[in-house]
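Engineer: This is what each chain is made of:
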Amino acid sequence: MTNSPATAAPNAASKPIIQLRGLQKYYGDYHALRGITTDIREGEFFSLLGPSGCGKTTLLRCIAGFEDWSAGDLSIDGANMENVPANKRPTNMVFQSYAIFPHLSVAENVGFGLRRARLPKEELNKRVSEALDMVGLGGYGKRAAHALSGGQRQRVALARALILKPKVLLLDEPLSALDKKMREQMQSELRRLQRQVGITFILVTHDQEEALIMSDRIAVMFEGTIEQLATPQQLYRRPVSRKVAEFIGIMNFLPATVSRADATGIDVEVVGLGRATIAAEQCPAGAKTGAASVGFRPETMTVLYDNDPVPASGQIVTGTVAEVVYFGDMTYYDIKLDGVEKPISISMRNVVGRPVLERGAHARVSWDNGALVLFC
Amino acid sequence: MNLRKLFRSEAASGYLLLSPTAIFSIVVMAAPLIAVVLFSFMTAGYLKIIWTPTLANYVTLLDQPIYVTLMMRSLIVAAVATAATVFSALPIAYFISFFVPPERKSLWLFLITIPFWTSYLIRVFLWKVILGYNGVINSAFLGLGIIHEPMTFLLYNANAVVITLAHAYAPFAILPIFVSLEKIDRSLLEAGQDLGESRFMTFIRVTLPLAVPGVVASVLIVFIPTVGDYVTPTLVGGNNGQMVANLIENSYFKLGNYPLGSAISVSAMGIVTVICLIFLFLNRRFLRSRS
Numbered sequence: 001m002t003n004s005p006a007t008a009a010p011n012a013a014s015k016p017i018i019q020l021r022g023l024q025k026y027y028g029d030y031h032a033l034r035g036i037t038t039d040i041r042e043g044e045f046f047s048l049l050g051p052s053g054c055g056k057t058t059l060l061r062c063i064a065g066f067e068d069w070s071a072g073d074l075s076i077d078g079a080n081m082e083n084v085p086a087n088k089r090p091t092n093m094v095f096q097s098y099a100i101f102p103h104l105s106v107a108e109n110v111g112f113g114l115r116r117a118r119l120p121k122e123e124l125n126k127r128v129s130e131a132l133d134m135v136g137l138g139g140y141g142k143r144a145a146h147a148l149s150g151g152q153r154q155r156v157a158l159a160r161a162l163i164l165k166p167k168v169l170l171l172d173e174p175l176s177a178l179d180k181k182m183r184e185q186m187q188s189e190l191r192r193l194q195r196q197v198g199i200t201f202i203l204v205t206h207d208q209e210e211a212l213i214m215s216d217r218i219a220v221m222f223e224g225t226i227e228q229l230a231t232p233q234q235l236y237r238r239p240v241s242r243k244v245a246e247f248i249g250i251m252n253f254l255p256a257t258v259s260r261a262d263a264t265g266i267d268v269e270v271v272g273l274g275r276a277t278i279a280a281e282q283c284p285a286g287a288k289t290g291a292a293s294v295g296f297r298p299e300t301m302t303v304l305y306d307n308d309p310v311p312a313s314g315q316i317v318t319g320t321v322a323e324v325v326y327f328g329d330m331t332y333y334d335i336k337l338d339g340v341e342k343p344i345s346i347s348m349r350n351v352v353g354r355p356v357l358e359r360g361a362h363a364r365v366s367w368d369n370g371a372l373v374l375f376c
Numbered sequence: 001m002n003l004r005k006l007f008r009s010e011a012a013s014g015y016l017l018l019s020p021t022a023i024f025s026i027v028v029m030a031a032p033l034i035a036v037v038l039f040s041f042m043t044a045g046y047l048k049i050i051w052t053p054t055l056a057n058y059v060t061l062l063d064q065p066i067y068v069t070l071m072m073r074s075l076i077v078a079a080v081a082t083a084a085t086v087f088s089a090l091p092i093a094y095f096i097s098f099f100v101p102p103e104r105k106s107l108w109l110f111l112i113t114i115p116f117w118t119s120y121l122i123r124v125f126l127w128k129v130i131l132g133y134n135g136v137i138n139s140a141f142l143g144l145g146i147i148h149e150p151m152t153f154l155l156y157n158a159n160a161v162v163i164t165l166a167h168a169y170a171p172f173a174i175l176p177i178f179v180s181l182e183k184i185d186r187s188l189l190e191a192g193q194d195l196g197e198s199r200f201m202t203f204i205r206v207t208l209p210l211a212v213p214g215v216v217a218s219v220l221i222v223f224i225p226t227v228g229d230y231v232t233p234t235l236v237g238g239n240n241g242q243m244v245a246n247l248i249e250n251s252y253f254k255l256g257n258y259p260l261g262s263a264i265s266v267s268a269m270g271i272v273t274v275i276c277l278i279f280l281f282l283n284r285r286f287l288r289s290r291s
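Protein chains in written order, with my numbering: chain P, 1 to 376; chain V, 1 to 291.
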């Protein structure tokens with residue numbers, strides 16, 4: 001109900017290009033991958049998101065052929081990849097350090113993988129300059145690789161990988177070394193490139209914002225397992241666990257008690273908010289009666305100004321403003337609801353005619369049942 | 001007044017601080033060098049030097065085949081010894097850099113320096129024991145019945161000089177190559193394979209070119225001193241293994257002809273300098289600065 005068709009991957013119906021079945025990886029005693037089973041679809045922008053040490057890079061390196069796995073199966077385009085070395089796989093990688101060959105020129109870097117195709121010289125030069133044009137580096141071919149900026153190195157790494165027309169492009173934290181402005185520019189450029197070439201991109205990142213912006217689907221990983229695999233909207237609105245909710249953006253949590261949970265809905269008593277009836281799908285992990293917690297995003301609550309009418313669908317609770325941070329376009333409030341110890345965060349868009357409440361002021365907060373997520 | 005001002009200036013105090021080392025360098029390095037160059041244009045008289053500038057010594061060097069022959073032999077022996085040293089050092093450096101776990105690397109480098117614990121002279125003598133007529137190799141082969149009389153081509157010729165030099169200079173060649181291999185970002189090798197090349201081709205196309213600065217350093221470090229090596233040809237070279245340094249020693253101390261000895265020294269230095277510059281020029285592509 002909450003997921004409109006637009007949120008799904010554009011090629012949602014297409015066949016899987018990578019199939020992972022119970023993939024396990026041990027480094028000595030350390031259990032880096034704990035049974036990864038999932039399909040990555042043809043032509044989608046797929047992200048592996050998680051904190052450092054969650055196994056996302058290990059999984060990417062298994063797909064690329066730089067790591068062996070301890071158990072399970074990995075197939076790419078229907079072919080089992082066991083004992084297939086990296087140079088025989090239909091994948092190419094953009095490394096975190098870019099791994100630009102320092103002894104070669106830009107054109108020699110980009111054409112590195114074409115040696116084995118034994119193309120005539122004009123054909124080779126044509127393909128290299130096409131690849132450089134595609135990443136916006138037309139005319140840079142003769143430059144020495146060590147004379148490039150970070151963003152340019154990244155583009156060379158992309159051109160060098162894409163020129164080989166891989167079935168899957170692997171990106172290992174490709175934007176982490178760039179400054180903020182460059183990173184934002186590359187995010188949209190990568191997205192554009194992916195649509196243009198139409199192949200599967202698999203991005204490893206620890207930056208949730210980056211994953212949300214770029215991906216068709218995101219696999220959130222913790223401690224060697226995929227905690228949730230969903231579209232960015234599903235992930236943000238309906239996280240399956242508090243862990244995912246805390247990792248993606250900001251979420252407020254309040255203790256709650258579930259008194260009824262069935263297919264028609266869930267009755268829940270939330271500390272500070274009161275009684276609410278929510279839809280079954282608002283507890284994506286499955287609800288059961290008893291103690292639980294309820295989460296909601298800061299922007300789903302509204303701080304009402306004196307004369308604001310009560311919204312039709314909303315209920316109202318009261319509290320006091322514990323902290324105000326004015327941010328120009330936004331104001332961030334910490335509000336202590338009556339009867340709740342820990343303040344909750346609420347973000348409000350600043351609009352004309354709406355003053356910012358001061359610290360210690362009395363606040364009325366309206367909220368919507370539909371914004372709640374239940375974690376049992 | 002002005003003097004005090006002068007001594008207070010930064011440049012002056014800089015030169016003052018520099019002067020002990022500067023004077024030391026001039027006295028122990030530049031002065032002998034200048035003296036040798038000057039001597040090479042003089043003429044040896046009976047028990048004295050005739051101070052009239054002349055090119056006669058250099059003409060002698062070109063005239064008499066012995067000098068050209070020994071210079072050529074020195075260059076060839078040094079080149080072969082350098083090639084042998086660097087080619088055997090490369091796999092060792094590669095092994096330590098790529099296959100020895102990081103915490104063991106310093107132990108391995110330490111072990112490589114063990115030959116330096118004994119004097120060079122003793123190491124050369126040990127090669128005499130190994131290569132000699134009744135030496136380790138001959139005895140072993142005789143005992144095994146592979147040969148019926150001792151091999152004589154092992155000792156007292158240019159081969160023995162090459163073997164001994166290659167062994168003696170191995171650590172000097174291993175260390176610079178090791179350093180340049182250590183500097184290679186390992187993700188470059190993964191990138192090579194990711195782009196479709198086998199391990200071997202990645203080695204040829206990525207590792208080797210990036211190791212060139214270390215190889216060049218090794219070549220220079222081994223070649224320059226071995227051209228002028230004196231002890232090794234004296235002890236294991238025999239008559240046909242004599243090199244240019246023996247000739248210089250002969251001119252100075254046996255013939256007492258300082259000017260001729262100096263001329264040989266100066267031309268040897270000049271030739272080695274030119275060869276090294278040509279070598280560096282040929283490898284300039286790989287020696288460009290990198291970030």
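By construction, these hints were calculated from the structure, which means they are not laboratory data. One or more hints might be untrue.
Between beta-carbon pairs, the in silico distance windows are [what the hints assert, rightly or not]:
#1 V/Ile-204 with P/Asp-73: 50 to 58 Å
#2 V/Glu-10 with P/Ile-213: 54 to 62 Å
#3 V/Leu-126 with P/Asp-73: 54 to 62 Å
#4 P/Asp-39 with V/Lys-105: 37 to 45 Å
#5 P/Tyr-30 with V/Arg-186: 19 to 27 Å
#6 V/Phe-281 with P/Lys-88: 37 to 45 Å
#7 V/Thr-113 with P/Asn-125: 23 to 31 Å
#8 P/Lys-342 with V/Lys-183: 31 to 39 Å
Note that the Cβ used here is the ideal one computed from N, Cα and C, for glycine as well.
Engineer: Now tell me if each hint is right for this structure.
Structural biologist: Structure-based check of each hint:
1. For the hinted restraint 50 to 58 Å between V/Ile-204 and P/Asp-73, the CB-CB distance of approximately 34 Å leaves it violated.
2. The supplied range of 54 to 62 Å is met by V/Glu-10 and P/Ile-213, whose beta-carbon atoms lie about 56 Å from each other.
3. A C-beta distance of roughly 59 Å is found between V/Leu-126 and P/Asp-73, which places it inside the suggested range of 54 to 62 Å.
4. The given range of 37 to 45 Å is respected by P/Asp-39 and V/Lys-105, whose C-beta atoms sit roughly 43 Å from each other.
5. P/Tyr-30 and V/Arg-186 have their C-beta atoms about 20 Å apart, which keeps the hinted 19 to 27 Å range intact.
6. At about 40 Å, the CB distance of V/Phe-281 to P/Lys-88 agrees with the hint of 37 to 45 Å.
7. Between V/Thr-113 and P/Asn-125 the CB atoms are about 49 Å apart, so this pair departs from the stated range of 23 to 31 Å.
8. Checking the proposed 31 to 39 Å range against P/Lys-342 and V/Lys-183 shows it is violated: the Cβ atoms sit about 52 Å from each other.
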